[in-house]
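Colleague: For the record, the sequence lines run as chains A, B and C.
In my numbering, each residue's number is its place in the first sequence (first place is 1) plus 107.
In my numbering, each residue's number is its place in the second sequence (first place is 1) plus 50.
In my numbering, each residue's number is its place in the third sequence (first place is 1) plus 1.
Heads up, some of the hints might be wrong.
Cβ-Cβ distance ranges computed for the label pairs, FRET-style [claimed, not checked]:
| id | chain 1 | residue 1 | chain 2 | residue 2 | range |
| --- | --- | --- | --- | --- | --- |
| 1 | C | A290 | A | G215 | 51 to 57 Å |
| 2 | C | G269 | A | G215 | 49 to 55 Å |
| 3 | C | K296 | B | F136 | 38 to 44 Å |
| 4 | A | Q258 | C | N247 | 17 to 23 Å |
| 5 | B | I132 | A | L136 | 41 to 47 Å |
| 6 | C | V72 | B | L264 | 54 to 60 Å |
| 7 | B | A118 | A | T128 | 44 to 50 Å |
| 8 | B | V89 | A | V391 | 38 to 44 Å |
Examples of chain C residues toward chain A, derived with CB under 7 Å [claimed, not checked]:
| id | residue |
| --- | --- |
| 9 | D83 |
| 10 | G228 |
| 11 | A389 |
| 12 | Q406 |
Just some of the chain A residues that point at chain B, by a computed CB distance under 8 Å [to be verified]:
| id | residue |
| --- | --- |
| 13 | T122 |
| 14 | M127 |
| 15 | W179 |
| 16 | W183 |
| 17 | L187 |
| 18 | A190 |
| 19 | F191 |
| 20 | S194 |
| 21 | Q209 |
| 22 | G215 |
| 23 | P224 |
| 24 | L227 |
| 25 | A292 |
| 26 | Q295 |
| 27 | P322 |
| 28 | G351 |
Source of the hints: derived by calculation from the structure; they are not laboratory data.
We put the CB at the ideal spot given by N, CA and C, even for glycine.
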Amino acid sequence: MPMTPDTRRQRESRTGWILMTPALMILALVFAYPILRAFWLSTFTQNLGTQLNAEFSGLTNYARLIGDSRFWQSLWNTSLFTAFSISLELLIGLVFALILNQTFRGRGLVRTVALIPWALPTAVMGLAWAWIFNDQFGVVNDLLIRLGFIQERITWLGEPTRAMLALICADVWKTTPFIAILLLAGLQSIPGDLYEAHAIDGASPWQSFRHITLPLIAPQILIALLFRFAQSFGIFDLVQVMTGGGPAGATETVSIYIYATVRRYLDFGYGAALVVVTFLILIVAVLLTAGLLSKTRVNLTGD
Amino acid sequence: MIHQPDPALLTLVFLTIMTAQNTTTPPKKIPTQRILLWVGVALMLLFCLAPVLWQILTSFKTNPAISAIPTVYIPNGDQLTIAHYFSLGNEFLRYILNSFLVSLVSTVVCLAVGAPAAYALARLKIPGEQIVLAIVLVVSLFPYVLLFLGLLEIVKAAGLGNNYLALIVPYTAINLPLTILVLRSFFQQLPKDLEDSAKIDGYQTVPMLLQIVLPMTIPALVTTGILTFIFAWNEFIFALTFITRSELQTIPIAVAKLGGASVFEIPYGPIAAATVLGTIPLVLLVLFFQRRIVQGITAGAVKG
Amino acid sequence: MRIVPFKQSPWLRFIILMGAVILALQVFILPVFSQQPVTVRVMMQALEAQQWQPLKANFEAQNPDIKLDIVAGPNDTNLVEDLYTSAFLLGDSPYDLIYLDIAWVPKFAAAQWLAPLEQYVSAAQLDDFLAGDVAGGRYDGQLYRMPFRSDAGMLYYRTDLLAAAGYDPPATFDQLLDISQALQESGAVQWGYVWQGKQYEGIAAMFVEVLAGHGAFWIDPDSLEVGLDAPEAIAALEFLRATIQNDISPPGVTTYAEEETRRLFQSGDVAFLRNWPYVFALAADSDLAGQFAIKPMVHAPGEKSGACQGGWGFGISATSRHPEATWRVIEYLSSTEAQRDYILETGYVPSRIELFNDPEIVAKYSHYPDLLAVVQNSTLRPPIAQYAQASDILQRFLSTALTDQLTPTAALEAAAQETRALLGRAG
């Protein structure tokens, strides 16, 4: 039976929705209520002052948030942490992926080993890292002293900048494999003959990398960056265990602050407002990046 | 420990590898490239393994050796013990099984539900497709720790406390955006003519997906599957809150319940031992599945 | 009413007797056997859940109608608090007996999660317990928590080093600094004094003692007045900073919690330590055995020393279906016998005053009479509903000053301002 384009499009659309429905249902089940609830609750005051009853208070929570220096500091801390950790991770992860994409003896084992940092529970490794960076008993100071780089033991977690550095270090170690494996999967799907053709045209390896590898794994890079951005901005357990937000609140991230507000201060309305603002800031950041990226692409093709 | 290798060296390794890639260079040239590749591999192993080796060493050291000054690297006879492993007890095996069950089910569901959605988003023309994509993106930006309070109410209302569904469904949902986006990018890179010719050969949509498209996306499925599995294996906050019966708990909770000689003490030895034991199954699993990632090469050869 | 003599009919007598027996069985005896024992559930750190097992066995043997179900939680007490909180937030707590830290009382009580206990216990009975520990169980005049094992901060000092250098134990902050410096200069120790300076609850507890020793206060729970920017409070913080600046404390104290300081003290390189009683047993079991002693925290001249009141006790969940049975558990655990058994077994600090001088306990822990002197001077952290928030503000600004980001004056003024804003919002 011949199909008109209309009915084919309808059928395709129907098949599409059938294929997507289970996933959308699960997403809705888990995300819809908590997200909508946060928006709704953010216009109420619900805390110990109101005997935990929700009382409508309009935009009071948002007004309070504007003057909340602790929130802005935590936002700044989180941005700093995110920017440094994900750029380092992308760089090292890309190198890892390129190495793992080569054929060499024992590659399977090396690939597995490269995933181990990601496989270790964050909360536990946070403890281990705190111990590794301990000023008296830690192995970092011991090694640095033995190697002659330092004379005095450094209090890694006792000074704002160094504590942030230690955190970034632990996070880069932990999540580089995540990026590496995503990029590796992308590299694996590039057909080898593309390189051969390019090499015959006299292109240098660097040119092949710029013109074949990078464009072809661009989707994976973007996905990896997007998820690392989200994960890193929401970082919680590593910081909680390693520094608890200190010293001087210099490593307190947004998630830690919100978690404390909701679960320890029982300030639900205000916590919801914090969630909403953080969430919106993230969305705007991603939209801006996407906008910039599409502009860059136009420029590149315009070249 | 800062294991970030020297940037100059990195660039060197990087460029060498690129040169080594897919070339048909004569055997004579290989040694220098190979040596640099192996240097790269060695640095990578050092980066990934040094903190882990430290954990393994810690798990075999006696308590005094763990907090000795100067730092004990290789424990001697007196400082060596396997007591930390015995202190975990037989229940630890049960926690591993629990973690395995939860992780496996959520991974399978995530792939089974995510792959069709990804295919639809990549290949089919659907009105509202952009909205669905936007939803998936936006949802992935919500810090998952903060889902907790809303989920708690759902779990309570549905009576799912101490039920693995309370873990499996959130884990699946949290990993769905990643799964969908990664698989979608793979479906988009697959040559469309493959499906067209299959359709000409008389394949219906579903058999075509299962028999032709799916095998070609195995690398992507394995990749996202591994990432999902590991997430579920290590998740802490939900597992702590939604499962309170000890015989149902997962490994991270078991580790959190390890105690020292006093209420303030952090028992580094037993924790290290539990980490090592709890990670071995993951390592075996990845070791087994990682060769599937390579299959992309052969699948890619079909492209032409 | 005329009583019919039984002899009238043997049969009638038999039937009446039988009836009476059956009735008695049904009303009085059978229920005891057929009734399901009531389950009272409690959650606590996994380590302590282990230590409770003998108590549980004893209690259940004496009370066959009540089963005590002990759920082992994580070892980090913050996580235990989080778990109790989520259980309460769901409205219908699965826990009947709440084993709670003294610092949780105001919040749990203000959230109306705990049942008042005044109906079960008389003022006279409470007099047998440490006054500070009982006071810490009150919120808004009501009693919500019965004390179990007490805790208080104190000063540990090296008797051998002080004796060798000819010093008496320090009484004031200045003496502590002077002796430390002298011992360090003589090479006897590397560090003079270690304390908890990490940004966490422990720094707040420690600072309460330094504040009290300077005659300052944090928050007055009745008037909600904030005393953090008073000159005495600033002097208290100046003291802590001086210990770091004069190299009396290692720079790492700003990252130390209880365990790090204990390990350092036990390594023998430190003359003075601020810590809780748990250190005593562990240090007595190390190379330091017999070379250290405890005393109340030092103070400024003319002021009294303070000891931060800590400890764990019992509350009853407001939604418990078995409050009576739960109270019977508390009654048993609060008894002299149960507490003595537990203390002998574990080495924790009792909350019953008489036990500090109990012959059996003193035979095992000879320092307990000294401990009583410390614990009786205890100072409470401010018992206000927003304590967790107030504590976080203080922790953050203390850490800010100790890591040289702000001067003590600026840090405490900012802390006072934020605390006032917090209390103003709540009021």
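Colleague: Honestly, which of those hints from before does the structure not fit?
Modeller: 6, 7, 10, 15, 16, 17, 18, 19, 20, 27, 28
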